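Read the sequence shown against the working numbering and you will find it ends at 471, with the numbers running on by one and no gaps.
It should be emphasised that the hints constitute simulated quantities derived from the structure, not laboratory data. These numbers come from a predicted model, not from an experiment. Just so you know, not all the hints are guaranteed correct.
Said to hold, decoys possible - PhoX-like cross-link-like pairs, simulated, lysine-lysine; straight-line CA separation at most 25 angstroms:
| id | residue 1 | residue 2 |
| --- | --- | --- |
| 1 | Lys29 | Lys122 |
| 2 | Lys152 | Lys40 |
| 3 | Lys171 | Lys421 |
| 4 | Lys400 | Lys418 |
| 5 | Lys418 | Lys448 |
| 6 | Lys122 | Lys73 |
| 7 | Lys13 | Lys38 |
| 8 | Lys277 | Lys309 |
| 9 | Lys92 | Lys38 |
| 10 | Lys400 | Lys171 |
| 11 | Lys399 | Lys183 |
| 12 | Lys300 | Lys431 |
| 13 | Lys275 | Lys204 |
| 14 | Lys309 | Lys275 |
| 15 | Lys399 | Lys421 |
| 16 | Lys437 | Lys76 |
| 17 | Lys275 | Lys300 |
| 18 | Lys431 | Lys152 |
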Amino acid sequence: MNIRKSIFSGRFYEENPVSLKNELELYLSKSKSISQKFPLAIISPHAGYIFSGQTSADAFKQINKDAKYEHIFIIAPSHHALEKGAAVYNSGDFETPLGIVKVDHEFCSDLLQKYPELFHTNDPAQEKEHSIEVQLPFLQVCLKNDFNIVPILITTDQLSDCKLIAHTLLPYFNKNNLFIFSSDLSHYPEYNQAIKIDNQTIDAILSANAEHFDSVANQVSKVDNILTRACGRYPIATLLYLMQMSNNSTIKIISYITSGDNAAGDKNKVVGYASFAIYDIDTFPDISEEAKTKMLKYARKSIENYLSNTKNTLEQPNEPFAQKHYGVFVSLYNNNELRGCIGTFQTQKTLAQNIHDMAIAAATRDHRFRPVDSTELNDLTIEISILSPLKKIYNISEIVLGTHGIYIIKGTKSGTFLPQVAKKTGWTKEELLGHCSRDKAEIGWDGWKDAEIYIYETVVFGE
9 MNIRKSIFSG RFYEENPVSL KNELELYLSK SKSISQKFPL AIISPHAGYI
59 FSGQTSADAF KQINKDAKYE HIFIIAPSHH ALEKGAAVYN SGDFETPLGI
109 VKVDHEFCSD LLQKYPELFH TNDPAQEKEH SIEVQLPFLQ VCLKNDFNIV
159 PILITTDQLS DCKLIAHTLL PYFNKNNLFI FSSDLSHYPE YNQAIKIDNQ
209 TIDAILSANA EHFDSVANQV SKVDNILTRA CGRYPIATLL YLMQMSNNST
259 IKIISYITSG DNAAGDKNKV VGYASFAIYD IDTFPDISEE AKTKMLKYAR
309 KSIENYLSNT KNTLEQPNEP FAQKHYGVFV SLYNNNELRG CIGTFQTQKT
359 LAQNIHDMAI AAATRDHRFR PVDSTELNDL TIEISILSPL KKIYNISEIV
409 LGTHGIYIIK GTKSGTFLPQ VAKKTGWTKE ELLGHCSRDK AEIGWDGWKD
459 AEIYIYETVV FGE
């Protein structure tokens with residue numbers, strides 16, 4: 009296996025490993041996290057660290073340093089090749105002064121074999137390119153666990169190709185993976201003009217609309233000495249298509265600077281740099297602890313009234329959230345052992361109404377258990393799982409174990425597992441799907457392979 013040597017150490021960044029690590033750690037110490045969440049993707053510049061190192065650090069500061077990512081995609085522009093699609097490097101691993109960065113050769117081979125009209129190899133272009141290499145030392149310093157990368161150079165200048173690339177990579181645009189998009193901003197207007205132009209480009213990126221961004225990126229003027237508004241124009245377009253297709257993410261700017269802000273820079277001819285983070289959208293608004301307590305009390309009172317045949321009308325929780333339309337599961341436990349669990353994905357009723365109905369159903373209509381009687385109530389604890397809308401998936405790589413529940417449907421048969429099941433059992437995705445198919449939907453262990461699969465998330469709280 010070949011080793012793609014570091015060719016920009018000593019030029020774009022320190023060649024001495026100790027000095028390089030110290031430099032990166034200094035940058036990162038000056039950066040701040042902008043969210044309690046971890047991003048699905050970041051945009052990081054790719055200039056010499058003296059100019060853009062701090063901006064890149066601002067992006068890498070956001071990632072989960074403890075994560076064990078399945079794939080890390082580095083999607084960068086080619087400065088040396090112009091051809092359809094994208095070039096995937098699969099001839100070896102990368103080397104920086106900090107050590108070897110492994111390439112995910114199995115995944116890269118799959119891309120090349122399954123999508124030959126879109127992905128190709130171009131090793132000469134890869135071996136001369138800096139836009140991937142300069143991201144690697146940041147990963148080596150930031151991540152605690154072993155990782156490998158999928159290095160992709162966007163060689164096309166066609167939006168249609170970017171859209172196809174995004175569609176191919178869409179199943180991996182989730183919390184299991186990390187996407188790094190590599191781009192600088194304007195080249196090479198005068199300082200004040202650069203700030204004006206870059207702010208326009210940043211606004212276009214924040215629109216999360218690939219066509220709008222591309223129309224702005226296309227506005228270049230030789231009079232203003234603008235070579236490009238974003239050298240990673242097509243990687244960014246690919247990201248924005250991913251966001252549009254997923255319809256469940258948002259983008260935030262972290263920092264912006266120009267080379268003219270550096271003492272070594274020339275304010276008559278500058279390059280702009282910005283960092284961004286892309287997050288999944290919270291499926292639910294925050295639910296206060298007080299609201300959770302009210303909903304749990306409401307579930308318990310619903311069971312009590314039903315078992316005692318009390319006809320009094322219950323007062324529903326009056327929080328606005330309880331009057332919205334969500335599916336819900338109610339689970340009952342006795343000494344940490346499941347005693348009943350029933351739920352619904354139907355949203356014709358309000359959440360409060362569904363909690364009432366499913367609490368009674370869990371106590372009286374779970375065929376796995378005898379009905380609960382009133383003497384047990386004090387020994388039971390109640391757990392409520394509020395469900396997000398179902399999302400159909402086309403590749404099981406979209407399932408994030410412990411985050412997503414699964415719902416499988418084939419004909420008239422269906423079955424589901426809440427996200428908690430994966431955490432409690434430790435099953436793999438295939439095992440989770442197999443058990444759900446066989447034990448819940450009753451369509452056989454492999455039934456999921458030709459069934460419709462949906463995922464959903466939950467907000468879970470209990471007594």
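Checklist entry - Within 25 angstroms, alpha carbon to alpha carbon, are Lys300 and Lys431? => result holds, 22 angstroms
Checklist entry - Regarding the pair Lys171 and Lys421, is the alpha-carbon distance no greater than 25 angstroms? => result Given pair Lys171, Lys421 is violated - Cα atoms ~35 angstroms apart, limit 25 angstroms.
Checklist entry - Are Lys275 and Lys300 close enough, with their CA atoms no more than 25 angstroms apart? => result Not OK: Lys275 and Lys300 at ~56 angstroms, beyond 25 angstroms, violated.
Item to check | Given pair status - Lys38, Lys92, alpha carbons within 25 angstroms | outcome: Violated, because 40 angstroms separates the two Cα atoms, which is more than 25 angstroms.
Next on the checklist: Would the hint linking Lys277 and Lys309 be met if the CA-CA limit is 25 angstroms?
Outcome noted: The given pair, whose Cα atoms are some 71 angstroms apart, is violated under the 25 angstroms limit.
Checklist entry - Are the Cα atoms of Lys399 and Lys421 separated by 25 angstroms or less? => result Holds. Lys399 to Lys421 sits at ~18 angstroms (cutoff 25 angstroms).
Next on the checklist: Does Lys152 sit within 25 angstroms of Lys431, going by the straight-line distance between their CA atoms?
Outcome noted: holds, 23 angstroms
Checklist entry - For the pair supplied as a hint, Lys122 and Lys73, is the alpha-carbon distance within the 25 angstroms limit? => result Not OK: Lys122 and Lys73 at ~32 angstroms, beyond 25 angstroms, violated.
Next on the checklist: Given the hinted pair Lys437 and Lys76, is their Cα-Cα distance within 25 angstroms?
Outcome noted: holds, 16 angstroms
Next on the checklist: Does Lys40 sit within 25 angstroms of Lys152, going by the straight-line distance between their CA atoms?
Outcome noted: Distance of about 19 angstroms is within 25 angstroms: holds.
Checklist entry - Between Lys400 and Lys418, is the straight-line Cα distance small enough, at 25 angstroms or below? => result With a Cα-Cα distance of about 13 angstroms, the restraint between Lys400 and Lys418 holds, given a limit of 25 angstroms.
Next on the checklist: Just to be careful, I want the Cα atoms of Lys418 and Lys448 compared with a cutoff of 25 angstroms; is the pair within it?
Outcome noted: Holds, at about 12 angstroms.
Hint compliance for this structure: hints 1, 3, 6, 7, 8, 9, 14 and 17 are broken, all remaining hints hold.
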